[in-house]
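In the order they appear, the protein sequences are chains A and B. Numbering follows my numbering, in which position 118 of the first sequence is assigned residue number 118; successive positions increment by one, without gaps. Numbering follows my numbering, in which position 103 of the second sequence is assigned residue number 103; successive positions increment by one, without gaps.
It is possible that some hints are incorrect.
Partial list, computed: chain B residues near chain A (C-beta under 7 Å) [stated by the list, open to error]:
id: 1; residue: PRO125
id: 2; residue: PRO128
id: 3; residue: ALA129
id: 4; residue: ALA165
id: 5; residue: HIS189
id: 6; residue: VAL193
id: 7; residue: ILE204
id: 8; residue: GLY215
id: 9; residue: TRP220
id: 10; residue: PRO222
id: 11; residue: THR225
id: 12; residue: LEU236
Please keep in mind that the hints were generated in silico from the structure rather than gathered at the bench. For glycine and all other residues, C-beta sits at the position ideal for the given N, C-alpha and C.
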Amino acid sequence: MTQQKKNSILSLFASVQLALSLLFLLAATSIIGTLIPQNNPPDFYIERYGFKTAQLLRILDIPDMYNSWWFLGLLSLFALNLTVCSLERIPQVIRTLRRDGLTVPPAQLAKFPLHRELRLAHAMEAATTRVEALFTTLGWRARTANLEQGRLLFAERGGWTRFGVYVVHCSILIILAGALVGSSTVARIIGNPKFAFKGSIMLPEGESTNHLIAFKSGEHIDLDFHLRCDAFAIEYYPNGMPKTYRSKVTVIDKGQPVHSADIEVNQPLTYKGVTFYQSSYQPYQNYQVSLKKQGSTAATSAIVATAKQTDWPEAGVSYGIINRESQGEATRRLKIWFTDNQGEPSVFWVNNNQEAIIERPSGTYLLTLRQLYATGLQATKDPGVWLVYLGCLLMLVGLYIAFFLSHRKLYAFIQPDADGCRILFAGEANKNKVGFEDKFSELINTLEK
Amino acid sequence: MDSSQLFGVTMIAYIVAAAFYIGLFLFKNERVGVFGMALAMAGVGIQTAATGLRWYESYQMGAGHAPLTNMYESLVFFAWCTTIIYLVLEFRFKTRVMGAFVMPCAAVAMAYASFSDRIDDQISPLIPALQSNWLIAHVVTCFIGYGAFAVAGGLGVMYLLKQSASNANDRQPLLNALPELKVIDDQTHKTIVFGFMWLSAGIITGAVWANEAWGTYWSWDPKETWSIITWFLYALTLHARFTRGWRGRRIAWLAILGFLAVFFTYFGVNFFLSGLHSYGSV
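Given only the sequences and the hints, what does the whole structure look like? Please build it.
Dropping the structure here:
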């Protein structure tokens, strides 16, 4: 490749036009995926858009466009553009910062947009002391150069803030790197699906598991430990809206229960880098029964379905569920048939998970029925998330520096004349020029008084 | 007195304030403008009390949470943010006539929240997904951004109006009252910068929260996607200005286009698209 060709490619990637085009393209193409539903089965698209259009959509990867080759390609180009742009401009910034303000020819100061001249009836040394004191009131320390025609004082602040914009650029690259590290693609490339994954677990109450099913690929991923669901519960507000979804779980590592916790929405559980989130649930049409006879130690438990008679031979009782009232799939009330074979059977309604007291000729019985659930958990391992968070933090810091802090320079050139000194002040700021102008005038006014 | 009555008073204050500001623009009567400003400030004060009261009422009802959780509460909060950002700008830059282009936006949001059949103004308890400390951080950062972009959009309209008059060279006295083009341009830019900072913070707090609640900081759901589209648009605007020297007319158009994207992110997504943010819908 010739030098010229190489340079033209480099300058393309370093160009702001490319950056502007990419920002526009990313914004414009992102709209597509919000209008066409994403990640549905192929039939969905055929039904909705017709066979031909659906085929076109499939070729362009539209059903999963944010992971498509062309969208990821755009993002990669964006990252490359960002990198080349920044690398090309940072040396320029360093050169700007290295330029010593004392080397600016005094004649140029009068051409600064912000400059002002005034006279002091002081001798050279006294005037220098006063101007130095002025710089000090700003908290700036002036450096001095003795030139042929007079003495130049110079001070600057916030030169480093010129890097703010590159902190933002760098933060975007870090976020993209974090997203890459946490993606299943990288896990596949390094041949270790356990490196980063997202998947789901449907775990019935009382059972435990040590594997999950990965999203999209559907492959089984083994965990190094077991997770047991001890109980799942939904709480409701008085108006019927769900208040809490809660899974009581226990981590079992090397056969030992090591940690018990409640997982709720907004309150996940992390163990050995894997985080479990409450994401769904599945009610079963089975009930956990616990039945006691008051005044004795006799007790039984069973799992029962509806419309089936269950016997407790030790106590000589039988019971069954003959009706129920549900909201969706969640049972609210159950109608129970209960007999000890002495007299008429008892028939009554009882709320789910509430104790019923049954007076029978043979004694008093305490009965609780609780609907069984499976909890749906999402399990995620994302080693890149800390990079993403670091990038986010850097972005906010960088934006603040880039937008609200500026590089300010202040010059004072002192020349002796017949009965005192002439002082030429000049200043420049790369941002918030109006604010700096006010400060500049205010400062010089104090000297004039 | 309950919070909904106070919100009603606020709405009237904003509507009348907008009318006064428009009056200032049309008749160039400074007194009218001062009334507008006073009403806008009174509106903000009353609304602050109303918000506090609604917060308190939610605890009384046993559903205690910050009043930032549904379309009604967010619209009202949007009006509040926009008005405050506008008033700060008015104080800093001493250009009262801008209110004619910004206050109608706040007044419309407030009136729509109060009168639309599609919007329920009842206090309802929080669903599990919203029970998080990130709620306040996320909503507040986003809406400061939205408010700033609404102001920037208003300034963009003002710029184009003023410019079309000076181009036509027919010295319309009506538009002479508007600030210099250079001043409007500078304020538009500063407001966009301010909004961009808060939008970034809003997207970031949203991502962190999503990771806490759902285990994924970014899932390309329509709300997220539209927020990043908006972010790309404003990033484009800022780069065009910083590096290509775009000024004036182009920035004014981009400020308007940006606000349309904000509007769709906030509103359109809830009405036209479905996704994880469905609790914001009506």
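Do the hints match the structure? See the list:
Interface hint status for PRO125 (chain B): upheld, as the beta-carbon distance to the closest one in chain A is roughly 5 Å, under 7 Å. Interface hint status for PRO128 (chain B): upheld, as the beta-carbon distance to the closest one in chain A is roughly 4 Å, under 7 Å. With its C-beta approaching chain A no nearer than about 5 Å, ALA129 (chain B) sits inside the 7 Å limit, and its interface hint holds. Evaluation of the ALA165 (chain B) hint against chain A yields a violated restraint, the C-beta minimum of about 26 Å exceeding 7 Å.
Taking 7 Å as the C-beta contact cut-off toward chain A, the hint placing HIS189 (chain B) at the interface is violated, the least distance being around 10 Å. Given the 7 Å rule on beta carbons, the hint for VAL193 (chain B) holds: about 5 Å separates it from the nearest Cβ of chain A. Against a cut-off of 7 Å between C-beta atoms, the interface hint on ILE204 (chain B) holds, since the closest Cβ of chain A lies about 4 Å away. Given the 7 Å rule on beta carbons, the hint for GLY215 (chain B) holds: about 4 Å separates it from the nearest Cβ of chain A.
Interface hint status for TRP220 (chain B): upheld, as the beta-carbon distance to the closest one in chain A is roughly 4 Å, under 7 Å. The beta carbon of PRO222 (chain B) comes within 4 Å of a beta carbon in chain A, closer than 7 Å, and the hint placing it at the interface holds. At a threshold of 7 Å, the smallest CB-CB gap from THR225 (chain B) to chain A is about 5 Å, leaving the interface hint in force. For LEU236 (chain B), the interface hint holds, the least distance from its beta-carbon to any beta-carbon of chain A being 4 Å, beneath 7 Å.
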